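Based on the provided sequences and hints, a complete structural model is requested.
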Amino acid sequence: MNWTGRRLPRTEDPALLRGEGAFTADLAAGARAVRFLRSPYAAGRILSISAPDLPHGALLVTGADLEGVGPIRPELFRFNYRAISQPVLPRERVHFVGQPMAAVVAATPEEAEDIAEAVLLEIEPEDPVVTIDDALRPGALTLHPEAPGNLVVDGVIRHPGCEAAFARADCIVELTLRSGRQNATPMEARAGLAAYDRATGRIRLTASCQMPHMLRTGIATLLGMAEADLQVVAPDVGGGFGQKMALFPEYPLLVWLARRHRGSFCWVEDRNENLIASAHSREQRHHLRAAFAADGTLLGLEADILANTGAFSCYPTTCGVEPLMALAEYPGPYRLPTYAARARALATNTCPAAPYRGVSRPVVTFGLERLMDRAAAALGMDPVALRRRNLVTDFPHVTPTGLTLDQASYVEALDRAVAAADLPAFRARQEAARREGRYLGLGLAVFNERTGYGTPAFAARGMGIVPGYEVVDIAMTPAGEVEVRIGASPHGQGLRTTLAQLAADRLGLEPSQIRVIHGDTDRTPYGWGSFASRGAVIAGGATQLAADKLAARLRRAAARLLQAEPEAIALRDGAAWAGEASIPLTEVARRVHQRSEQLSDLDGFNLAETAQYDPGGTFSNACHIAEVEVDAETGHVRVHRFLVVEDAGRLLNPLIADGQVHGGVAQGIANALLEEVLYAADGNPLTGSLADYLPPSAAEIPPIEIIHLETESPETLTGAKGLGEGGAIGAPAAIANAISDALSPFGVDIAELPATPARIRALIRNAR
Amino acid sequence: MKCPPFDYHAPRSQAEALALLARHGEEGKILAGGQSLVPTMAFRLARPASLIDINRIAELDTCRAEANRLRIGALARHARFERPVVPGPTGALLARAAEHIAHAPIRTRGTFCGSLAHADPASEWCCIALALGAEMRVLREGGERLVPAADWFQAVFTTALGPDELLAEASLPILGPDWRCGFAEFNRRAGDFALAMAVTALRLDVAGHVAEARIALGGVAGTPVLAREAAASLLGAPPTPDRLRAAAALAAEGFEPTEDAQVPADYRRDLVRAMTRRALEGSLAA
Chain A
1 MNWTGRRLPR TEDPALLRGE GAFTADLAAG ARAVRFLRSP YAAGRILSIS
51 APDLPHGALL VTGADLEGVG PIRPELFRFN YRAISQPVLP RERVHFVGQP
101 MAAVVAATPE EAEDIAEAVL LEIEPEDPVV TIDDALRPGA LTLHPEAPGN
151 LVVDGVIRHP GCEAAFARAD CIVELTLRSG RQNATPMEAR AGLAAYDRAT
201 GRIRLTASCQ MPHMLRTGIA TLLGMAEADL QVVAPDVGGG FGQKMALFPE
251 YPLLVWLARR HRGSFCWVED RNENLIASAH SREQRHHLRA AFAADGTLLG
301 LEADILANTG AFSCYPTTCG VEPLMALAEY PGPYRLPTYA ARARALATNT
351 CPAAPYRGVS RPVVTFGLER LMDRAAAALG MDPVALRRRN LVTDFPHVTP
401 TGLTLDQASY VEALDRAVAA ADLPAFRARQ EAARREGRYL GLGLAVFNER
451 TGYGTPAFAA RGMGIVPGYE VVDIAMTPAG EVEVRIGASP HGQGLRTTLA
501 QLAADRLGLE PSQIRVIHGD TDRTPYGWGS FASRGAVIAG GATQLAADKL
551 AARLRRAAAR LLQAEPEAIA LRDGAAWAGE ASIPLTEVAR RVHQRSEQLS
601 DLDGFNLAET AQYDPGGTFS NACHIAEVEV DAETGHVRVH RFLVVEDAGR
651 LLNPLIADGQ VHGGVAQGIA NALLEEVLYA ADGNPLTGSL ADYLPPSAAE
701 IPPIEIIHLE TESPETLTGA KGLGEGGAIG APAAIANAIS DALSPFGVDI
751 AELPATPARI RALIRNAR
Chain B
1001 MKCPPFDYHA PRSQAEALAL LARHGEEGKI LAGGQSLVPT MAFRLARPAS
1051 LIDINRIAEL DTCRAEANRL RIGALARHAR FERPVVPGPT GALLARAAEH
1101 IAHAPIRTRG TFCGSLAHAD PASEWCCIAL ALGAEMRVLR EGGERLVPAA
1151 DWFQAVFTTA LGPDELLAEA SLPILGPDWR CGFAEFNRRA GDFALAMAVT
1201 ALRLDVAGHV AEARIALGGV AGTPVLAREA AASLLGAPPT PDRLRAAAAL
1251 AAEGFEPTED AQVPADYRRD LVRAMTRRAL EGSLAA
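First to last, the protein sequences are chains A and B.
Using my numbering, the letters of the first sequence map in sequence onto residues 1 to 768.
Using my numbering, the letters of the second sequence map in sequence onto residues 1001 to 1286.
Derived from the structure by calculation, the hints contain no laboratory data.
Treat the hints loosely; a few may be bogus.
[As the list claims (entries may be wrong)] Calculated cross-link-like contacts (lysine to any residue; reagent style SDA-like; alpha-carbon spacing at most 25 Å):
{"id": "1", "chain 1": "B", "residue 1": "Lys1002", "chain 2": "A", "residue 2": "Gly579"}
{"id": "2", "chain 1": "B", "residue 1": "Lys1002", "chain 2": "A", "residue 2": "Gly238"}
{"id": "3", "chain 1": "B", "residue 1": "Lys1002", "chain 2": "A", "residue 2": "Asn684"}
{"id": "4", "chain 1": "A", "residue 1": "Lys549", "chain 2": "A", "residue 2": "Gly579"}
{"id": "5", "chain 1": "A", "residue 1": "Lys549", "chain 2": "A", "residue 2": "His636"}
{"id": "6", "chain 1": "A", "residue 1": "Lys549", "chain 2": "A", "residue 2": "Ile583"}
{"id": "7", "chain 1": "B", "residue 1": "Lys1002", "chain 2": "A", "residue 2": "Ser50"}
[To be verified] So these bits of chain B aren't anywhere near chain A, every CB distance computed over 10 Å:
{"id": "8", "residue": "Gly1133"}
{"id": "9", "residue": "Leu1146"}
{"id": "10", "residue": "Asp1192"}
If you're wondering where the values come from, they're calculated on a predicted model, not measured in any experiment.
By construction, the Cβ of each residue, glycine as well, lies at the ideal position given by its N, Cα and C atoms.
Right under this line is the structure:
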């Protein structure tokens, strides 16, 4: 029986659908409630923080109490990174509205909020730096003395041939684009519960996080405590999308409280806190120039990338994650002979930036795919033909930034998508609609997605803490079930299902006999977590290797019991077979553990193995096509159709793969049309509730058609490439191109996302 | 986002509720559906010391036709209007608007009169109340008064309702078959507060000329506003597409729009023009 590749319903779902999931807030019974007091000013000097009489049992903790607690200070040893520090609670200055300044502890969240309201904050406000232009202005407030001019990262790549390429170009296309700021908006906001164990003196931190092992390392380091005295548990986690990777100040504070006051302390973030103070992303401005030959061949690309990365640098990726991803990945799936780019991260008095599904690639793809459409118009070429001329077709291909593109299907995906979209029929519909004053448009986006990359890729970034590998411990119980302990920490990706499918095939078992254990530093090997589209590739590869090692041991033991050679043993249907003879694996397991006198001379007393996997990375790819209708009177955009041709290599579970694509596309459509974090000029957030910050509802998302291609690549052990982010990467560009196509009679060109109705109306009005 | 402390009262009768209102005055607040009040309290933007929950007062749970008026009691929920509560244009207009009010769970709790008392500028019911000329029956201990819609809406979230008063009932005219009612609103997501809406009501005489016209705009200023000039421009002639378009253009210029970071004033006018024309055209299409 081959389980891998089947559309198996997720093991995770029944409990979640019955409301029996256990999220951090569900586990808080008996804990005291923590409320963070957050800065009402974007920039200012703290003069005093004082509380009226606190009720019995209540606490107020300020920065002054945290003697000896270190600041959060991630490192990057390249790209002119300036290491800036974020105090757990500040003593001198505040840097953004929403920054935690103090913590109030009370018996209930209501009481904690009542007390927090009564705390007196004396702050002397300063003129804040809010926008990219603010940060660049000479004489602007400097947030961190370590980063003069608010420049935290300044990465430059310049190929010597770039200027020459522009000099001999037949056509130069230039584009300035803006991407609005977004919040990943996980369904469950952040939450943490720190509990002191009186018997051992250890602390257990239960937290809605994506990287429990890293969180443990980070907190232990800040607090100067033994890492072994801290257990971090990620229970059910209601989405992360990158936002829950970071080490936020709230978590070390909870652990500090639990240690100092020997009790249990719980903080459940509310939506307003999440929207203003968790992590933002994608606020970028790119200036692009592309050189083309008359036949449409791309000759060179110049990019100036500016990212507003907020007040602090997120741990462990640093605030370089956005600009440097753009710097490295702008060439995309295209053959690019020469490249020159500069990417800067600017500190501002806004909520810090952190990775969010796609990390810069939604913006990069927006830029590159707008360039392609613009160049096609300038050259009088068919945009599909222009792309086809420039897409990489020979693999492996080394990009101008030194990335190796492994076997993929860039042209095939484009062709399949264009055929499925039926362009001639669409153009006829578009023509007919225009005669009625209705504006239909079709837009496409071709892209690749670097996924499943291990230590070498992260080390190349020069990170002070280098993630990458995953470790898997596997063991068969004496009763014959298999436990797979993974360092990765899924929070919606369905790894309990897919890894069980992989292991089941390797061991001749059924997925229901495999238990995948994750999200607990006491019970799993050190590992990195679930982010960067890596679970199926890296945790999957390590699981496969571990299962193979366990299978080899089972074969050796069974060979002894069946009096055959190990090479002759096959594992299938829950048994070990030597020709017609067989023995159930439950019996093999029982004998190894409980009749060890028969077998211990082979491999010892148990059936435990460990394996690790640390691949270089593999690129999945896709082509997205969006069909939209723009209401020219209101600027409203309705997405009629969304088509995805996706190549993520071998699909371990197509049902889960489809779900990943659906979710990503929905977030991408929202990024293109709805979601934007806005600040007033004084640094006050204007989008502090879901009435102002607009995630999509089902009504705004069209049915999403998916066609899968499955290109084999030697770079991935399981055959799978990551696809967790692709939906979000391609959709904004496809939508922007579709709107531009729809409004081509007005000469409207979308260079800013989200393309809100007000912005679209302004473009139409100004075009007329 | 937890409510500040408050006292809670659950009167069983109108008289008991009015006595509680008289006692608590400014510090008391009526709780009906709670769909606006409770979130506002959770944000700590409202902090009434006492909530007076009227959900147990059966005499307020009414919605009936009487003397050519539709009388809507304080506990009639939005969902009740999803299907026409009376035959003819009034019931159809209410049903048309009801589907735009938030989402199904909210519609099963929030009330018509609660919306009028809360007076959100983007409330569909407030806009209809102004367009059709609603009348509010307001009670206080030992007294009662009637307030016409024109005097009801005073500013954002501010009405003629006194601190010791209960909006017990709102009534709307039951329009005859010679009336054509239209409704259009624009929002960015299904169920959101409208960025602009238009409610239109035209009475056509036997010649097909517009004999009476009412146009109200919602979500565009501090209160719903009447587009008087636009309505007057339609009188005495057939409602041709050109005349409707001209009236919509008048409506777009005849008010002072609210502005914010997401909705500049000229965009608000664009939306009013489009919604007014669509409401008028829609009302005549059937």
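**Q.** Hinted pair lysine 1002/B and asparagine 684/A, Cα distance within 25 Å
**A.** 22 Å, holds
Q | 25 Å Cα cutoff - pair lysine 549/A, histidine 636/A | A | 57 Å, violated
Q: Starting from lysine 1002/B, check that the Cα of glycine 579/A is at most 25 Å away, please.
A: 68 Å, violated
Q | 25 Å limit on alpha-carbon distance, applied to hinted pair lysine 549/A and isoleucine 583/A | A | Roughly 19 Å separates the two Cα atoms, so the pair holds.
Q. Far enough from chain A: is every CB of that chain over 10 Å from the CB of leucine 1146/B?
A. 34 Å, holds
Q: Would you check the hint for lysine 1002/B and serine 50/A, treating anything up to 25 Å between C-alpha atoms as holding?
A: Between lysine 1002/B and serine 50/A the Cα gap is close to 22 Å, so the pair holds against 25 Å.
Q.
Run the distance test for lysine 549/A versus glycine 579/A: straight-line Cα separation, threshold 25 Å.
A. 22 Å, holds
(Q) Hint check: lysine 1002/B vs glycine 238/A, CA-CA at most 25 Å. Holds or violated? (A) 21 Å, holds
Q. Is the nearest CB of chain A more than 10 Å from the CB of glycine 1133/B?
A. 29 Å, holds
Q | Non-interface label on aspartate 1192/B, tested against every C-beta of chain A at 10 Å | A | 7 Å, violated
Hints 1, 5 and 10, counting from the list given before, are not met by this structure.
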